[in-house]
Amino acid sequence: MKKRICIIIIFFLSLFILLNRLVTPKYQTELIEGHMIKEYYQEAKNHEVIFIGDCEVYANFSPIQMYKDYGITSYIRGTSQQLIWQSLEILKETLKYEKPKVIVFNVNSMRYDKPVSEAYNRLTLDNMKWSQEKINMINSSMLEEETFLSYIFPILRYHSRITELTKEDLDYFLNEKNITFNGFLINKNIKPYTSFPEQRRLPSYTFKENVYKYLDEMVKITKNNNIELVLIKAPSIYPYWYDEYEKQIIDYASKNNLHYYNLKKVVDEVGIDYNTDTYDGGLHLNLNGATKLSKYFGKLLQDEFNLTDYRNNESVNSIYQNKILLYNDAIK
Amino acid sequence: MKKILLILCLFLLVGCGKAANKVYSLTLNNKTFYLGEEYTKEKYGESIGYSEVSSCAFEGLDKTYKYDHYEVTTYPVDGKDKVYLIYFLDDEISTTEGLKLSDSYNDMISKYGEKYKKEGNLYTYTLGKTNLNIIVENGFVTSIEYAHEI
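Protein sequences, first through last, are from chains W and D.
Going by the numbering used here, the first sequence opens with residue 4, and the numbers climb by one from there.
Going by the numbering used here, the second sequence opens with residue 8, and the numbers climb by one from there.
A portion of the hints provided could be inaccurate.
Straight-line distance between alpha carbons at most 20 Å, and here's what the computed PhoX-like set of lysine-lysine pairs gives [unchecked claim]: (1) K117/W with K48/W; (2) K107/D with K48/D; (3) K95/W with K223/W; (4) K117/W with K180/W; (5) K226/W with K258/W; (6) K211/W with K41/W; (7) K70/D with K194/W; (8) K136/D with K29/D; (9) K117/W with K29/D; (10) K124/D with K117/W; (11) K211/W with K124/D; (12) K99/W with K41/W; (13) K211/W with K38/D; (14) K99/W with K48/W; (15) K95/W with K5/W.
No lab work stands behind these hints, which were simulated from the structure alone.
Next up, chain W with everything else stripped away, as it sits in the complex (with noise of 0.2 Å):
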């Protein structure tokens, strides 16, 4: 009887995985940007140099780029509008796994202080691994309707999904393809900067006090690891960044001792052309400006950080030789 009782009991389990596995999106072929965060995982955690940050990193640098130009071995940690207390748990994780020498941190998000949407969180955390850092970004970053079990059994989010099931679910049920390279999402489309909205007017430009929580938090903990904390801002014309997140930005630097690049500034040096080297009209760059700011901004990484050209390094080159191969394939 006692037999009978867990075997039922194992069969409904199992069911349940399978279902929950089932309905929670894979991102290969729709909004493949929830696939990043996983693909850290699988990796040799050798990188040099970590990118964190939004958008603004994973559409704008090429970490293969820079390992082809400079031998720099780094990675980046992006999500589409990853928040800076998401980015904050990013890096204590990554420091589970490895200490690099440089974290490079985008200071876009410096301008949310609360949870925007539920979409973005999910594309996030959802392919996250459980970890309490995983824990800690779920309390902090679900909006009011959101619930912390339907993150730990995605079925609750999604039974929906159960009548809307398409091939993709089922082709990747078991096995996922990767969609970046080191974390960098290839785009080859051109669209040129044409027009944007006229620059709103803020109730306040200042960065609110929690959001220098964070940030501060970041700072203790690479200083405490011997590491460079590493602050820019991408090169996007669009949304503003205002002179008055500028001046803060700078500041802060200047009081803990940071390194602060706004990339912004030197589109003309690095080459960028806003009517060919962007994929929607100036909030990324397309591959062709990744490229051109990737050779920028490795050199300057290299001249700045003393970082290792691994290209002299038999078994990390053999690895990133087959990276370059695929990338090579993938850019053409």
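Put chain D on the given structure of chain W with help from the hints.
Showing chain D alone in chain W's frame:
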């Protein structure tokens, strides 16, 4: 007794329905624009500028149409572009209730009352699923924006 209760409930339901349907609107040159309605060139007229903003991961574009004194931004819903923002660019136009940029805080209160939500300099008046966002700096209105909940 039951019939009376039923009738009262029906009245309540009808009342709730009406309140939920209320939205802010902007009347300019005898045309009334409603937040949440579909944007059409026939109604809104030829714009003098146009820009698109895509989101980081999701499909669909925010489209902003620039007119002489305001901008209208739409958001895609079921294949239709619905108006969700109207932003004032200068003090040549007024809200339907008569408030314009550079008016005073007291003008705002006399036209909209004190039932607002305040966050810093931002005063938000809500009607159904629409907000009227007003920024007041040094006692004067410096920004007016109508917004529909997405």
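Inset, instruction - Compare the structure with the hints numbered earlier in the document and write down the numbers of the violated ones, lowest to highest. - result: Hint check: 1, 2, 4, 6, 9, 13, 15 fail, others pass.
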